[in-house]
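J.: Letter by letter, the chains look like this.
Protein chains: 2
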Amino acid sequence: MPASQRPTLAVVGATGAVGTVLLQILSHRADIWGEIRLVASPRSAGRKLAVRGEEAEVAALGEDAFDGVDLALFAVPDEVAAQWAPVAVARGAVVVDTSAAFRTDPEVPLVVPEVNPHAVRMRPRGILAGPDATTLTMIVALGALHAEFGLRELVVSSYQAVSGAGRAGVGTLRRQLSLVAGTALGTSPGDVRRAVGDGTGPFPEPVALNVVPWAGSLHADGWSSDEMAVRDGTRKVLGLPALPVAVTCVRVPVVTVHSLTVHARFQDEVTVGRAREIIATAPGVVLCDDPDAGEFPTPADVVGTDPTWVGRVRRALDDPTALELFACGDNLRKGAALNAAQIAELVVAERQ
Amino acid sequence: MPASQRPTLAVVGATGAVGTVLLQILSHRADIWGEIRLVASPRSAGRKLAVRGEEAEVAALGEDAFDGVDLALFAVPDEVAAQWAPVAVARGAVVVDTSAAFRTDPEVPLVVPEVNPHAVRMRPRGILAGPDATTLTMIVALGALHAEFGLRELVVSSYQAVSGAGRAGVGTLRRQLSLVAGTALGTSPGDVRRAVGDGTGPFPEPVALNVVPWAGSLHADGWSSDEMAVRDGTRKVLGLPALPVAVTCVRVPVVTVHSLTVHARFQDEVTVGRAREIIATAPGVVLCDDPDAGEFPTPADVVGTDPTWVGRVRRALDDPTALELFACGDNLRKGAALNAAQIAELVVAERQ
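Sequences listed follow chains A and B, in order.
Everything in the first sequence is counted per our numbering, starting at 32 for the first residue and increasing by one.
Everything in the second sequence is counted per our numbering, starting at 32 for the first residue and increasing by one.
Among these hints, one or two may not hold up.
Said to hold, decoys possible - Sample of chain B residues lacking proximity to chain A, with all beta carbon distances greater than 12 Å (derived):
1. Leu57
2. Gly93
3. Ala113
4. Gly123
5. Thr135
6. Asp222
7. Glu308
8. Asp323
9. Thr329
10. Gly335
11. Val378
Stated by the list, open to error - Residues on chain B that point at chain A, a partial pick, calculated with CB under 10 Å:
12. Tyr190
13. Val227
14. Phe297
15. Thr312
16. Gly342
17. Leu377
18. Val379
19. Gln383
Stated by the list, open to error - Pairwise CB distance ranges, derived in the manner of DEER restraints:
20. B:Asp323 - A:Gly202: 24 to 32 Å
21. A:Pro233 - B:Ser58: 37 to 45 Å
22. B:Pro148 - A:Ala178: 34 to 42 Å
23. B:Ala380 - A:Thr135: 51 to 59 Å
24. A:Gly325 - B:Gly181: 39 to 47 Å
25. B:Ser209 - A:Asp321: 26 to 34 Å
26. B:Arg60 - A:Ala178: 55 to 63 Å
27. A:Arg183 - B:Ala91: 54 to 62 Å
28. A:Gly325 - B:Ala121: 47 to 55 Å
Calculated from the structure, these hints are not laboratory results.
Note that CB positions come from ideal geometry on N, CA and C, so glycine has one too.
All chains, full assembly: derive it from the sequences and hints.
T.: Below, the structure is given as structure tokens:
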């Protein structure tokens, strides 16, 4: 396509944790875009950021910011997306939103290009959403296994990175670590808590040298919003509205990359050999599974990469229809920015 | 009992991570012991350690160390326990072992005093064992729930502290943290790994700013020894030899206190209200469960305490017979030293 006919892309929330990664991703993927317009809160307007090797000035979020925009990628808090996505649509843009604002809206498809690419075609509100980063840690691998074995039940536990709570989450972990590292802290009652004081930032408890069984806000009956997002998101992307899903979300002192343990029960009997084949050949998934050689995915290896990494593939010892997996994925890349960029590319491809 | 008739206790492995905690525990519990003899490898012999407010000299492990000993608590590696526990028995002692050496031996009871106290009576080999620390993180709460609802299936994921790998584990985490803390590390590919280098100590991967889905040695079919210990231990303590148990064990950068997510399915329908009552009133268990007020257990709060802490109690949304829990327990105390001390006290009480 001649450059003059290429679609204009707006990145809304260009200065945030996900927005920053989105600009890196747009700079490295096949360049299908005409103008890439950077948009952020008025407070950040005028800042210059690099994208595709060039500096671009950040425009203030407002109605005019969407003039002439074909696709708008939103990487902003829920309430900002709820307010401004319809404005962007009214100005003629298709919106791809990474927030929770529209995920459960029945008129907004929840899209993972490797799993349900056709979902982008039906978008009565002009809005497409990506699932939460925790669902995106497993859903590509799970979709491939579901296609062959037929998923029947999920039990999931998360090991979620602090960058899932944005820049404030990362800053909080770094501050807390600088207070506790190199000391004898962490073995006696209350010493981590004393060192950290009230500086728990976006987390309800200290996260350095600790794990916190809570992510998101209170939903109902003791469930957190992150846990509900995994259940709702998995059901919606896989088209299994009654799938039993039990989730516990836990924050861990990792900067970036969410990890999950997955107990997945299927319609049919599974074999580890076939499961490993499916995982190894599924687009967007890497099998990393040789415990004898010390090979399994960890956040330290997965950070900055695009695929879902899967290891520890075992058949449940007491159920020939169930698999155990450990999955890792970069929560800022496939967990948010990359998935959104892929959706936007798919929308453009469908138009041609 | 007059002090002269009180039983003699030997603590074998008195200088190790568990042994050190055992001496603190023996110093604070009701004092039923005559002599407390400290035993360790010849390398540590002659060192002086405090117990019950007095200094005691460490004796070298050897046949003579067990002369006149009534009870011997072993807190040593598996192979040392396998070699020396029978020696202690031959010299007339009852052995309480915290290692894995005898756990699966059908002639060695696996004892958790709150759950199966009567098991101490039948000890044809003169040896009693405690379960692994991961099983001990949940088994007291689970035993109470089982007594009422009838346990039918378990899916467990662990968040295991580095002190589970002994002093070397703690030293490794501290060293790694001092290398990565206060820097911008942890966000770019490979930077944690580069900073840590080959200094992964007893762990197969860096554990600072990371989670490692592996604990123990390779068992078979991709399962780790820690995962098998949870399945075997839970079945044996609860007397449910065919209980389906699916476990994934993961190491996290926490110094002390193991945490678990537990998906427990029962024979009968459960209610959260009754489950919380059972947990709140079970001896050795504390209910800490008010997410609205930010209350759930975390290692930073639980370290140094005796009970199992349970929070995040929910009924599975798609299965009225299943509960979700998050449990924390000090892996050096109830997870090892405290449970052993309780078993020893139970043996003495049964004699009287």
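J.: State for each hint whether it applies.
T.: Now for the hints, and whether the structure bears them out:
For leucine 57 (chain B), the requirement that its beta carbon stay farther than 12 Å from each beta carbon of chain A is met, with the minimum near 18 Å. A cut-off of 12 Å between C-beta atoms confirms that glycine 93 (chain B) is not in contact with chain A; the least separation is 31 Å. With a minimum CB-CB distance of about 24 Å to chain A, alanine 113 (chain B) clears the 12 Å threshold, and the non-interface call stands. At roughly 36 Å, the least C-beta separation between glycine 123 (chain B) and chain A is larger than 12 Å, which holds for a residue marked as non-interface.
Distance to chain A confirms threonine 135 (chain B) as a non-interface residue, since its nearest Cβ pair spans about 15 Å, more than 12 Å. For aspartate 222 (chain B), the non-interface assignment is contradicted: its Cβ lies about 8 Å from the closest Cβ of chain A, within the 12 Å cut-off. Residue placement check: glutamate 308 (chain B) keeps its beta carbon more than 12 Å from all beta carbons of chain A (closest about 15 Å). In this structure aspartate 323 (chain B) is not separated from chain A by more than 12 Å, as the shortest Cβ-Cβ distance comes to only about 6 Å.
With a least beta-carbon separation of about 5 Å from chain A, threonine 329 (chain B) fails to lie farther than 12 Å from that chain, contradicting its non-interface assignment. Not every beta carbon of chain A lies more than 12 Å from that of glycine 335 (chain B), the smallest distance being close to 4 Å; the non-interface claim is violated. The beta carbon of valine 378 (chain B) sits about 29 Å from the closest Cβ of chain A, which is more than 12 Å, so the claim that it is off the interface holds. Look at tyrosine 190 (chain B): its Cβ gets to within about 5 Å of chain A, closer than 10 Å, so that hint holds up.
A cut of 10 Å between beta carbons decides the hint on valine 227 (chain B): the least distance to chain A is about 8 Å, and the hint holds. For phenylalanine 297 (chain B), the interface hint is violated, the least distance from its beta-carbon to any beta-carbon of chain A being 14 Å, above 10 Å. For threonine 312 (chain B), the suggested interface contact is broken, since its CB lies about 19 Å from the closest CB of chain A, more than 10 Å. Using the Cβ-Cβ criterion of 10 Å, the hint placing glycine 342 (chain B) at the interface with chain A is satisfied: the shortest such distance is roughly 7 Å.
Interface restraint check: leucine 377 (chain B) against chain A, minimum CB-CB distance 26 Å, threshold 10 Å, status violated. The beta carbon of valine 379 (chain B) is not positioned within 10 Å of any beta carbon in chain A (closest approach about 28 Å), and the interface hint is therefore violated. Against a cut-off of 10 Å between C-beta atoms, the interface hint on glutamine 383 (chain B) is violated, since the closest Cβ of chain A lies about 33 Å away. Under the hint 24 to 32 Å, the C-beta atoms of aspartate 323 (chain B) and glycine 202 (chain A), about 26 Å apart, fit the expected range.
A beta carbon spacing of about 41 Å between proline 233 (chain A) and serine 58 (chain B) agrees with the range 37 to 45 Å that was offered as a hint. A C-beta distance of roughly 51 Å is found between proline 148 (chain B) and alanine 178 (chain A), which places it outside the suggested range of 34 to 42 Å. At about 57 Å, the CB distance of alanine 380 (chain B) to threonine 135 (chain A) agrees with the hint of 51 to 59 Å. Between glycine 325 (chain A) and glycine 181 (chain B) the CB atoms are about 40 Å apart, so this pair conforms to the stated range of 39 to 47 Å.
Take serine 209 (chain B) and aspartate 321 (chain A): their Cβ atoms lie about 31 Å apart, and the range 26 to 34 Å holds. The hinted window of 55 to 63 Å between arginine 60 (chain B) and alanine 178 (chain A) holds, with their beta carbons roughly 57 Å apart. The hint said 54 to 62 Å for the Cβ distance between arginine 183 (chain A) and alanine 91 (chain B), and at roughly 58 Å that hint holds. Taken as a hint, the range 47 to 55 Å is violated for the pair glycine 325 (chain A) and alanine 121 (chain B), whose Cβ atoms sit roughly 40 Å apart.
Violation of the numbered hints given earlier is confined to hints 6, 8, 9, 10, 14, 15, 17, 18, 19, 22 and 28; the remaining hints are satisfied by the structure.
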